[in-house]
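Residues per chain are reported as follows:
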Amino acid sequence: MASVAKEWREIPGRYNLVGCKCGACGKIYFPRRNLCPECRRASIGKMEDYAICRKGKVFTFSVIYDAPECNNLLKPYAVAMVKTDDGVMISAQLVDVDIDKIEIGMPVRAVLRKLDSDGESGVIHYGFKFVPDL
Amino acid sequence: MEVGIVSYGAYVPRYRIKPEEIGRIWGVDGKGMGKGLMIFQKSVPSPDEDVVTIATEAARYMMDRVPEVDPKDIGAIYVGSESHPYAVKPTATIVAEAIMATPALTAADMEFACKAGTAGIQACMGLVGSGMVKYGVAIGADTSQGAPGDALEYSASAGGAAYLIGSEKVIARINKTLSFTTDTPDFWRREGQPYPLHGGRFTGEPAYFRHITSAAKMMMEAMGTTPADYKYAVFHQPNGKFPTRVAAQLGFTPEQIEYGLLTPNIGNTYSGAVPLGLANVLDHAQPGDRIFVTSYGSGAGSDAFDITVTDEIVNYKRNNAPVLEKILADPIYVDYGVYAKYKGKIIMPE
Amino acid sequence: MRDVAIIGVGVTKFGELWNRSFRDLGIEAGLKAIEDAKLSGSEIDGLFIGNMSAGRFINQQHIDALIADYSGMASKHIPATRVEAGGASGAVAFRQAVMAVASGMHDIVMVGGAEKMTDIDDPSINSVLDATADAEWEAGMGLTFASLHAMIAQRMIHDGIATREEIASFSVNSHFHGALNPNAQFKKAITLDTVLRSGPVATPLGMFDCAPISDGAASLVLCPLEDAKKYTDSYVKVSAVAQASDTLALFQREDITTYGATVSAAQAAYKTAGITAADVDVAEVHDTYTVAGIMALQDLGLFKRGEAGKAVLEGKCQVGSDMPINTSGGLKARGHPVGATGVAQIVEIAEQLRGSADKRQVENAKYGVAQSSGGMGSAVVVSVMEAI
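Chains as they are written, first to last, in the working numbering: chain G, 1 to 134; chain E, 1001 to 1350; chain D, 2001 to 2388.
Incorrect hints may have been included.
[What the hints assert, rightly or not] Derived PhoX-like pairs (lysine-lysine); straight-line CA-CA distance at most 20 Å:
id, chain 1, residue 1, chain 2, residue 2
1, G, Lys114, G, Lys75
2, E, Lys1341, G, Lys75
3, G, Lys114, E, Lys1089
4, E, Lys1345, G, Lys6
5, G, Lys75, E, Lys1345
6, G, Lys21, G, Lys83
7, G, Lys114, E, Lys1341
8, E, Lys1317, G, Lys55
9, E, Lys1169, E, Lys1072
[Stated by the list, open to error] Some chain G residues flagged as far from chain D (calculated, every beta-carbon gap over 12 Å):
id, residue
10, Glu10
11, Arg40
12, Arg41
13, Lys46
14, Ala67
15, Asp86
16, Asp100
17, Asp116
18, Gly119
19, Val131
20, Leu134
No wet-lab data here; the hints were simulated from the structure.
Note that the Cβ used here is the ideal one computed from N, Cα and C, for glycine as well.
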């Protein structure tokens, strides 16, 4: 059985795209960091929780055919790097989309979906995926 | 204190299957089944969707429409479903986390077949009306399973809607709610069993029709109203035929039930059915519109609501989230093989 | 700081070697290097081993002790160090060894790189490789290692830096050379059409864009340059070994069509070696995927941005041309037992510079470069060797 704590600890980032903002320079990061790579020591204790905007545009993508077992029911499925509307780049699966019609620049938004589970009896892990924005 | 709906959100998965495709596999006239049930297609959840994700999507739309409401002011959240992903571990806490309402709130999951969502609305009304909480969230959502080859396979679908109940800036005041509840075993599922069983035609007159008409009559008697006093009516809709018939029996017209009847287009979303029907009505409602709602849950019971849309709906930022018409506009059709794969009906290797 | 020389090289066949265990492979490579250096073995005073994931592949941690023991050196209690840096594990081990000799702390060290990948099933192997990206925010979100490279390729095509055919041609180049290398996993030349029509892995990349899963080991013996002649006449100088780091996740990069770590390490290495990219006569680059090979050629300054693909497609990187690339067969055709690769690249360059590269020989090669990368270019080592 896998650790339940490891996934639980990342819930703010996984569910709500909570990253952080440097209190010293204002730069936004995802995932959260303990210190700002720009400000370094000056940022210690100043990193604030910050929920990244859920809307963005596809920067690049790929359709995965050789998939990990947890995604056997979904393959082939797309993944993408998305530039969110607040300028932060994040990556996740891109679902509910025609895999032959994905385009760089397409508007998408992050939603909560099942990522996988620790088997039939184990904890279900939820996290964000992108869908085409309505 | 005016208690009612402050905001709502609705979500239906994008995938669809038609009854003729289901019938093709089982050697049944699927198109005929569909006509008989008045269901022309039903929604199918993607393998990565479940009641948690559907409830979350609906709840997030609900919150998007009231940006001035701080999710931390939500004091209660109830998710009603008969297909919660866990038998033990509440859907409600995951949704609460996903709308950033935690930690100062109460939460629980509800089960009452198809009326678990409306039962949650009643609970929230009590908490808000008594001053115990500022806002309560009630969600009805399901991803129900129909047994392969069974009649229910043509109707059991997926979807849900969320309601923010409060007393400030209410867009639809709930004038009254009451319920009619008996021990009637029309449709059930034992713990651990994958598919529900039902009493065939027993699910009609002694179950659905008795409870809905009883609750509806009790409500109109309590409010001194007749069907003509309402602009819209929403009834539980396991297929398209039952609500059409019960509406006629009670004296409501086809026009009154039109917006609130989604099952012909998306199938029976169980705990999501009445919440979704009401959401579609609210997507079109104007100030002053009066709405009559009666849900039904097997086992059995009906919750009735008498609702009046307020002037506040004019200011309501409904377009901050997609309306149902938009959500339902661009479905993706699948065949039975994909359907069976998505619904976990295929025995997969370890 | 002393100059360092490579006085012995050894490499096993790479492939799906069902009959060879991790111990068998590691020791075989080491013995070949010792023989090549004409040593008895008792001279070695330090071991540096690159291995990515024996812990997950064969459930064995503590590879340093395992190799020291089975190479007969544990009884002498010599220091052994195992290094992990994803795909760059072997190259980073090489750099550690070079620093150990250059600093004067060691006089004669053995570098080994080994990986035994085929003892677990393919999905498990892939999940180990996926873990060299960001396990939490890339692999954990359903992105595979292949898909990260595929997204780079997608963007390069979109930005006009290389076409799909140009990217695919890197595999043709690797296989051309694999056909000349008796130790290669794949010894058959292929056509561009084969690459383009191969089954999709993560679009636009297909099976033939991807390095295989392999077992194998490679080894080197290093000593101060001034002592090399004591052991052998066939040695090369290590002119520079530079290493650079970058973000773990691809989505944290400013520009995903270049590996900043390769650019940085290459600049530092060329500076130390006193050369420019134009002086490079032969290079081994890290083609886990074709697109990574194309990027490496540009990041090393061997071709301008947007021109590497054209050159490879036109056959201008084959042995006999001006800029022979991956004469060993590269990761794609020679094979990619992950921890061994970085060391095997150095072996190939050394063989080229001292004239023992047989059918793959580049004429009059004076400077050779090896570029090894871990994860998504999160660790890159660029080494410059010089013929003496």
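Verification of the hints:
1. For a cut-off of 20 Å, the pair hint linking Lys114 (chain G) to Lys75 (chain G) stands: about 15 Å separates their Cα positions.
2. Note on Lys1341 (chain E) and Lys75 (chain G): the hinted pairing holds, with a Cα-Cα distance of about 11 Å set against a maximum of 20 Å.
3. A threshold of 20 Å between alpha carbons decides the hint, and for Lys114 (chain G) with Lys1089 (chain E) the separation of about 16 Å falls inside it, so the pair holds.
4. Between the alpha carbons of Lys1345 (chain E) and Lys6 (chain G) the distance comes to roughly 31 Å, so the proposed pair goes past 20 Å and is violated.
5. Restraint check: the Cα-Cα separation between Lys75 (chain G) and Lys1345 (chain E) comes to about 17 Å, which is no more than 20 Å; the hinted pair holds.
6. Our distance criterion of 20 Å between C-alpha atoms is met by Lys21 (chain G) and Lys83 (chain G), whose separation comes to about 17 Å.
7. Between Lys114 (chain G) and Lys1341 (chain E) the CA atoms are separated by roughly 16 Å; this keeps the pair inside 20 Å, and the hint holds.
8. Distance restraint check for Lys1317 (chain E) and Lys55 (chain G): the Cα-Cα separation of roughly 18 Å lies within the 20 Å cut-off, and the hinted pair is therefore satisfied.
9. Taken as a hint, the Lys1169 (chain E) and Lys1072 (chain E) pair is honoured in the structure, with Cα atoms around 17 Å apart against an allowance of 20 Å.
10. Residue-level check failed: Glu10 (chain G) sits 6 Å from the nearest beta carbon of chain D, not beyond 12 Å.
11. Distance to chain D confirms Arg40 (chain G) as a non-interface residue, since its nearest Cβ pair spans about 15 Å, more than 12 Å.
12. The Cβ of Arg41 (chain G) sits about 19 Å from the closest Cβ of chain D, beyond the 12 Å cut-off, so the non-interface label holds.
13. Distance to chain D confirms Lys46 (chain G) as a non-interface residue, since its nearest Cβ pair spans about 20 Å, more than 12 Å.
14. At roughly 7 Å from the closest C-beta of chain D, the C-beta of Ala67 (chain G) falls inside 12 Å, breaking its exclusion from the interface.
15. No Cβ of chain D comes within 12 Å of the Cβ of Asp86 (chain G); the nearest lies about 14 Å off, and the non-interface call holds.
16. Residue-level check failed: Asp100 (chain G) sits 10 Å from the nearest beta carbon of chain D, not beyond 12 Å.
17. Distance check on Asp116 (chain G): its Cβ comes as close as 8 Å (rounded) to a Cβ of chain D, failing to clear the 12 Å threshold; non-interface status is violated.
18. Every CB of chain D lies more than 12 Å from the CB of Gly119 (chain G), the least distance being 15 Å, so the non-interface label holds.
19. Residue placement check: Val131 (chain G) keeps its beta carbon more than 12 Å from all beta carbons of chain D (closest about 14 Å).
20. Non-interface status of Leu134 (chain G) relative to chain D is upheld: no Cβ of that chain comes within 12 Å, the nearest being about 22 Å off.
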